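Listed here are the chains, written in short residue letters.
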Amino acid sequence: MKEAMDHDLVSELLDRHIRGELTPELAAEVETHLAGCADCSTELKALNALETTGEPAPLTELERAGLRRAVLTQAVPLPDASPAAAATPTEPSRAGGGWYQFLGAAALIAAVLGFAYLGFGGDTGGNDTAATSESADEPSLQMEAQEEGAEGGSSLTQDAAAGSAAAGRDAVGPTFEQEIKRYDSEGLNRFAKRGLSLVVFSKTYVAEDVSTLRDEFVERLANEAGGDLAETIRTCAALVFTQTPGALPAYAAEADFEPARGKESRVLVLGFAFTKEETGPLARAMVWAWPVGDCETVLHYTEDIIRPRK
Amino acid sequence: MADARSDHDLLHSFLGGDQTTFAELMRRHEDKIFALAYRMTGDRADALDATQDAFISAFKQAKSFRFDSAFGTWLYRIAMNSCHDLLRKRKRWGPTSEENQDKPDRSVSAVDDSVAARIDVTRALAQLPDEYREAVVMYDLGGISYDEISGITGAPIGTVKSRISRGRRQLAGLLEHRDPSSESERTT
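Chain order of the listed sequences is L and H.
Residues in the first sequence are numbered from 335 upward in steps of one, following the numbering used here.
Residues in the second sequence are numbered from 10 upward in steps of one, following the numbering used here.
Rather than coming from a laboratory, the hints here were simulated on the basis of the structure.
On a predicted model such as this, the values are computed, not experimentally measured, just so you know.
Idealized CB from N, CA, C, for every residue including glycine.
Honestly, I wouldn't trust all of these hints.
Said to hold, decoys possible - List time: in silico DSBU-like cross-link candidates among lysine-lysine, alpha-carbon distance up to 35 Å:
hint : chain 1 : residue 1 : chain 2 : residue 2
1    : L       : Lys610    : H       : Lys69
2    : L       : Lys537    : L       : Lys610
3    : H       : Lys41     : H       : Lys69
4    : H       : Lys98     : L       : Lys610
Unchecked claim - The following label-pair restraints were derived from C-beta to C-beta distances:
hint : chain 1 : residue 1 : chain 2 : residue 2 : range
5    : L       : Ala372    : H       : Arg37     : 40 to 50 Å
6    : H       : Asp12     : L       : Thr613    : 40 to 50 Å
7    : L       : Glu558    : H       : Asp12     : 23 to 33 Å
8    : L       : Leu396    : H       : Gln70     : 34 to 44 Å
9    : H       : Gly163    : L       : Asp342    : 34 to 44 Å
10   : L       : Leu396    : H       : Lys72     : 22 to 32 Å
11   : H       : His93     : L       : Arg350    : 22 to 32 Å
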């Protein structure tokens, strides 16, 4: 007579048994054991119940992008909040619950500019790079229309900006640039801030404009970019809008990004002015960068308040 | 194009200065970590919180990884800790946000019955002792091997097997207590 199957062995085989993965002989031995073992029968009931739980719905693209952003901007500890940051409360965005975090404006600037995440002082291809400590000490929350020592790109002085704004809102629309320079993280951030001319943009449009102009601005940027980049602009912008409906695209650029020596990629940079309010100025800005064609991988993100230079 | 490098190679690259490789590591593991967190917490928002916390911890603690185990195993351990921390903070013994939305009515339809059954199992899992819940979630729901669970929890394999067995029995007891009239046993 066959020896009764070991109790511990049956417990180990139960999950395969309910999935029908055992040979007929082994399954029969398990059934024989179950008929006489209350503990194993009870375990089988639990396994059958667990079968009902099923798989959770997979992560959505929005959730993945939010995770990446929340994680990949954590490289530098947050500094103490500046008075400006205290004056402008951070508004957590709940795309899927309390997990979706916006860093305080002052903290984020210091975090991104002092950021080792996207580069460790590798070859910047001739781009100007301020010292990390200088950037980390930057106290101001201002995104300035006039950039000191700007290299390439287009930038507007305050006077020119005022003139453009006075000329009409159409004169200050979204802009696209094709950059051929190579940037590291800090260089990319400086390039984005320079090229955005966000002060002018934010003075030209308000929250009420977003619903009517948002899609048009995306299309203008996509049409100007053309090719594969156009689709990336549309897709990545749509992802941003899902999280921040009050965002108006101000700027797009394709640039060479070199986060570490020898590793380059072409990236899409998108800049937005936005607000969480239904009315009023677009007083905040955000800049994103993704590999061209891949809106799932957030390579760079920064958020700031926009304050005109005094 | 998919990055063909191993997890260890990506992590070496990350520690060497190429922090974009962490995004690739996230891409590889975020679904499994999220599924694990969801099964541990029973709530999508909590699972997202725990997943985020786990990856942030891994990002910051990457220097402490000793390359003597699989990266995924190390990440699971961090994720388990994140889940425990979150559940302690939430002190969740009552209905989750999803359960409140579902509001199952057992008398209505088969669809509602399956939702009710899922919620019952989720609640019952939440009432198991941490080490039993971990073991059952990882082995029976996550398909993680005894070896790997042993590596994640630090418990010997024999202890892991025992926890799984006892966890299942406690779970069955809790489910019977909720609805003694339900016949959940399936013939195989």
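Right, here's what the structure says about each hint:
1. Taking the CA atoms of Lys610(L) and Lys69(H), the gap is about 31 Å. The hint holds against a cut of 35 Å.
2. Distance restraint check for Lys537(L) and Lys610(L): the Cα-Cα separation of roughly 16 Å lies within the 35 Å cut-off, and the hinted pair is therefore satisfied.
3. Using a Cα cut-off of 35 Å, the hinted pair Lys41(H) and Lys69(H) holds, with the two alpha carbons roughly 20 Å apart.
4. Between Lys98(H) and Lys610(L) the alpha-carbon distance is near 29 Å, which keeps this suggested pair within the 35 Å criterion.
5. The supplied range of 40 to 50 Å is met by Ala372(L) and Arg37(H), whose beta-carbon atoms lie about 43 Å from each other.
6. Under the hint 40 to 50 Å, the C-beta atoms of Asp12(H) and Thr613(L), about 45 Å apart, fit the expected range.
7. The hint said 23 to 33 Å for the Cβ distance between Glu558(L) and Asp12(H), and at roughly 31 Å that hint holds.
8. Judged by the Cβ atoms, the range 34 to 44 Å given for Leu396(L) and Gln70(H) is violated: they are separated by roughly 27 Å.
9. Restraint check, Gly163(H) to Asp342(L): a C-beta distance of roughly 21 Å breaks the suggested window 34 to 44 Å.
10. Take Leu396(L) and Lys72(H): their Cβ atoms lie about 31 Å apart, and the range 22 to 32 Å holds.
11. Taking the beta carbon of each, His93(H) and Arg350(L) are about 29 Å apart, inside 22 to 32 Å as hinted.
In this structure, the hints that do not hold are numbers 8 and 9, in rising order.
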